[in-house]
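Number of protein chains: 2
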Amino acid sequence: MPEFFKVITPQQVFDALAGFSRLTFEQINLEHALGRVLGLDVVSGDDLPPQARSTMDGYAVRAADTFGASDAIPALLTTVGRIAMGTLPDMIIAPGQAAEIPTGGFLPEGADAVVMVEYTNHLADGEIEVTRPVTKGDNVLDRAADVTLGETVLRAGMRLRPQDAGMLAGLGVTEVTVFKKPRVAIISTGDEIIPATQRPSPGQIRDINSHAIRALVETVGALPIPYGIVRDEPDTLRSALLSALDMADVVVVSGGSSVGERDHIVAVVSGFPQAEVYAHGVAISPGKPTLLAKVNDKPVFGLPGHPVSATVVAQVFLLPCLKHLEGEKLTREPAGQRVSAVLATSVHSPHGREEYIRVKLEQEQDRLLARPVFGKSGMMSTLVKADGFFVVPIHTEGVADGETVDVYLF
Amino acid sequence: MPEFFKVITPQQVFDALAGFSRLTFEQINLEHALGRVLGLDVVSGDDLPPQARSTMDGYAVRAADTFGASDAIPALLTTVGRIAMGTLPDMIIAPGQAAEIPTGGFLPEGADAVVMVEYTNHLADGEIEVTRPVTKGDNVLDRAADVTLGETVLRAGMRLRPQDAGMLAGLGVTEVTVFKKPRVAIISTGDEIIPATQRPSPGQIRDINSHAIRALVETVGALPIPYGIVRDEPDTLRSALLSALDMADVVVVSGGSSVGERDHIVAVVSGFPQAEVYAHGVAISPGKPTLLAKVNDKPVFGLPGHPVSATVVAQVFLLPCLKHLEGEKLTREPAGQRVSAVLATSVHSPHGREEYIRVKLEQEQDRLLARPVFGKSGMMSTLVKADGFFVVPIHTEGVADGETVDVYLF
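Order-wise, the sequence lines are chains A and S. Count along the first sequence starting at 1, add 773, and that's the number in our numbering. Count along the second sequence starting at 1, add 773, and that's the number in our numbering.
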């Protein structure tokens, strides 16, 4: 049985991933913008607000008219109307005058501040008392205070959040230029693997990887293209891969779990014209038998057959790759959020490989404990029981209990 | 201008939300399971693995045959074939015998351990040397080691992650019982508001809230039903609300930003038969003018017109409500991930209201700094520039710089 020919480090994997080109742009409606990555900077074509607006319910005044006002000696002002929403006010506030203004109302000419309604008393029709002074700009959102015409408001390469969608709407950007979603062909191999819909005969196992990888791909907004189970035979594999390379931007093959099957995939991938194989294996655990290649300028991942290994490798390498193709900055940070936690049990890890330790998080008074979930890499239940994982670096032999680790949440 | 009639605390909001019934179940295909909330516990109908499997490439042996084996004095075994994938092996391993086995291969009868290929030497055909001893169970995943028949593997109320989808596939659960997605009607009001597709005339403002709230709703897997902009007039509002209550599980009205408009919404909502108004305002900032009511047993949220306030209130109350309706545990924890950070600048907050301070996160050597993004609540740019927010509790007057705060990420 042959050994791995070319085992590289995780850093070398990322160096290879950085060489793949980003996808091209497409225009989408703002309604579909959530989670998409901006292709171009968004520059405002307007001042927001376009004119000064009130931030309170009250009266638009000239601040100078309220100087020294108090409960004992209120300022007396003449009201000249009420500001309506939806039009610019047509009145002009002269010295000694005020106009009723709702929150969000546009300031009339002459006014430079708003007195909150709480600090006014309504006297006879057309007269109010002001019991607190305001200074120029009080309770007013100045023209362009939010956004200035010509300002770069959102940057290319950012993944759009709800408030960014709101901002785009505010700027009138209802067609958004974003990176295309990567299409990811997902192939399972392995002679023991059957579709999850079928009842396994003795010696057979249901296909887990297609489903776990499909869902992982969805978490970063990419489009899975399920190819199902492909028989572990060179010609069949080759034609499935050819079709996948034609249909998709990225090809992911998981399995086979045996050395012979892995060799088929390596041989088939290497056999494509201008294929470049970066790795037959990666110095990580779980997940060492990971293939990474470039065919037709597209990344091809060969993931281990073990579901736990396949899932971890997909999270650690495939998802950052997809985010890179989608236009985000390539980073070694695994996908998903990160929390700090105190390791509950010491963990040993062989020098020379990066290890991903699954942990369950437990709140213990003020601190968050990370308790390792041990179990062989064939055990999907270890991933289901875990809340995330932390990384033991490649040149470290372990982490002692009580140390703080960064846990990447699933 | 009237004051708020009934201002309640955030805790009272959650007490009211807890009274709403969860949605009913639906059956979906496993392919759509990511992010859905399980309606029923999933109990395994199988042992996984169904029989003992090898976790390594090597030889299936009787452990007793390898006792004392070393490089100097290897154990000599006779090979009786190779385990094929996909069928149960038909050979029986007798004392002194071994069978070649791939990773994932099912153990043949008689064998109780696997020797890794690295610790074997292939001699003449049909003979191997074993240079390290193994004990019973080494490199073997026992029957049911991952999942036991009858075991509850996934619990009702959990939101399904990629590995959970993988587990469901492994168990053959390809139709999944989940809570329905809440349908959320989204209405904007305000006479100054125009669709984002239009060019504002003087005094007009583009509709931000519909888009920000729509996207927020999508982050928890709920289904937005956009109603667009409804004129701020009681009869029009009433008929829009009636239609929304008919079509949706939750109704969200944002605006108007003025007291008069707010009154229309309160009056219309209160006027429905058997309507119960829990709050005309909530002791929070931003977001005090928040209406919460029950009409036809459905939650009706009246959010402030200011986009920042509306977005914050949606994150703090609407999203937990949607997650509750979807079957997750109701928690005061805002939606989204949480990180700990050190506050960079002291923040003062009036006693008697819960305050949400937007912050930008900055990595400074070993620590994460949370730098407040100040700005009036009409400024959407404060939300765009921020990475998250932290909460100043209701009975606290502020947080000093250098203190650690929990930041909820957008």
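Hints are supplied without guarantee of correctness; some may be wrong.
One copy or two, it doesn't matter: identical chains are merged, so the pair holds either way.
[What the hints assert, rightly or not] BS3-like, lysine-lysine: derived pairs with alpha carbons at most 25 Å apart:
1. Lys-909 with Lys-1133
2. Lys-1133 with Lys-1149
3. Lys-1102 with Lys-1149
4. Lys-1071 with Lys-779
5. Lys-1067 with Lys-909
6. Lys-779 with Lys-1158
7. Lys-1102 with Lys-1158
8. Lys-1102 with Lys-953
9. Lys-1133 with Lys-779
10. Lys-1067 with Lys-1158
11. Lys-1149 with Lys-953
12. Lys-1133 with Lys-1158
If you are wondering where the hints come from, they were derived from the structure by calculation, not from laboratory data.
Evaluated hints:
no.	hint	in the structure
1	Lys-909 with Lys-1133	neither (56 Å within a copy, 29 Å between copies)
2	Lys-1133 with Lys-1149	within (16 Å within a copy, 41 Å between copies)
3	Lys-1102 with Lys-1149	neither (34 Å within a copy, 31 Å between copies)
4	Lys-1071 with Lys-779	within (20 Å within a copy, 61 Å between copies)
5	Lys-1067 with Lys-909	neither (63 Å within a copy, 42 Å between copies)
6	Lys-779 with Lys-1158	neither (33 Å within a copy, 45 Å between copies)
7	Lys-1102 with Lys-1158	between (31 Å within a copy, 18 Å between copies)
8	Lys-1102 with Lys-953	within (15 Å within a copy, 36 Å between copies)
9	Lys-1133 with Lys-779	neither (34 Å within a copy, 43 Å between copies)
10	Lys-1067 with Lys-1158	neither (35 Å within a copy, 38 Å between copies)
11	Lys-1149 with Lys-953	neither (38 Å within a copy, 36 Å between copies)
12	Lys-1133 with Lys-1158	within (7 Å within a copy, 33 Å between copies)
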